[in-house]
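Line by line, the protein sequences are chains A and B. Start counting at 1 in the first sequence, then tack on 1077, and there's your number in the working numbering. Start counting at 1 in the second sequence, then tack on 1077, and there's your number in the working numbering.
No lab work stands behind these hints, which were simulated from the structure alone. Think of the CB as a built atom: it goes at the ideal place given N, C-alpha and C, for glycine as much as any other residue. Don't take every hint at face value.
What the hints assert, rightly or not - Cβ-Cβ distance ranges computed for the label pairs, FRET-style:
1) B:Q1104 - A:S1197: 15 to 25 Å
2) A:Q1147 - B:E1178: 31 to 41 Å
3) B:R1116 - A:R1133: 30 to 40 Å
To be verified - Anything over 10 Å on all C-beta distances counts as not near chain A; from chain B, calculated:
4) Q1113
5) R1153
6) R1200
Protein chains: 2
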Amino acid sequence: MTMRTTARGAATRQRLVSGAALLMREQGAAETNLDQVLRATSTSKSQLFHYFPDGRAGLLVAVTRYEAEQVIEAQRPHLDDLSTAESWREWRGGVLRHYVELGERCPMGSLTSELGTSSSEARNIVNGLYDRWEGALMAGVQAMIVNGAVRPDLPVRDTARSILTAVQGGVVMLRATGRLSYLETTLDTTLEPLLGTPRAAA
Amino acid sequence: MTMRTTARGAATRQRLVSGAALLMREQGAAETNLDQVLRATSTSKSQLFHYFPDGRAGLLVAVTRYEAEQVIEAQRPHLDDLSTAESWREWRGGVLRHYVELGERCPMGSLTSELGTSSSEARNIVNGLYDRWEGALMAGVQAMIVNGAVRPDLPVRDTARSILTAVQGGVVMLRATGRLSYLETTLDTTLEPLLGTPRAAA
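Model the full assembly from the supplied sequences, consistent with the hints where possible.
Below, the structure is given as structure tokens:
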């Protein structure tokens, strides 16, 4: 009985968070109020305050954590096994498709600016996301070294960090300009130690 | 006489724009209203509407153009003559210092989001800035090739574009996390074709 209630409770909380995330993706975090979230998720005010006693602030943090998870999720399954050139190429293609699809929407940016970019909660979530993302890329670079697919003295952390930073830069520029070439080119350049030169010199 | 009036007019307009830019840098574009700008620049409302007939909207566009110019200006003199490894190193150091100094402030970001990121005016200014910046970096890569300092088949546009994207990514991550390492590492990586490996493998 307790178990059942807990499971149902978790489902309600999850419905609130993912429903709020969807609304905030479409219209921005700043433009989304609690009434809209309640309506969209068929939840009562008392249920919401049961799971988020401080209301909107707590929900925002939960949605930001959820969206950070989605950033990683969008790169799966490739991100979890970057041990071959083929999986790196598929990961690259998935990243390009994902950010083209998002277009000008920037769920994490909208949420962290609503939380206050420099708030400790926003910063913890973003730092945690970057660390996890970099860690997954590092595991991939390491696996390529172990497999003998790349030179053994390739700096693992710096290679992973450059690829991660390339994605952030390319995505920011895609959103600002609508041009995909920044993300494509910089991924090619930073992946070159793993995949070689993608094409003849420009 | 006409000449003198014009010169004085240009000075007033310039004082309005740079004064508004300073205020918006410190407190954000969205948080800055015309009364604050008038007070800070000792300008009358009628003077402001003389130079910016549509008021705040026109002033915002002018400030955004001004800040785009400052982005380039902050990289001078090195950006104008990237013909040696030394000047590239000095440019890199200047970029790091500039963005550390700016800290969490993001003048262009604050302005373009106030103009509406996808407004044609914001987009034109940002696209123009990126094109000019990339062009300056391309001229530098080309000069390094002509000087025989790097391999002649180095792809000029892709190298420049990757360096530019690395800066954007590193700066965005610096602002979000307070960590400089993303910008440092990705600059090292994308500058490697020009400067060689900066240090032993990690």
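Hints versus structure:
| no. | hint | in the structure |
| --- | --- | --- |
| 1 | B:Q1104 - A:S1197: 15 to 25 Å | holds, 22 Å |
| 2 | A:Q1147 - B:E1178: 31 to 41 Å | holds, 34 Å |
| 3 | B:R1116 - A:R1133: 30 to 40 Å | holds, 35 Å |
| 4 | Q1113 | holds, 22 Å |
| 5 | R1153 | holds, 22 Å |
| 6 | R1200 | violated, 7 Å |
Hint 6 alone, counting from the list given before, is not met by this structure.
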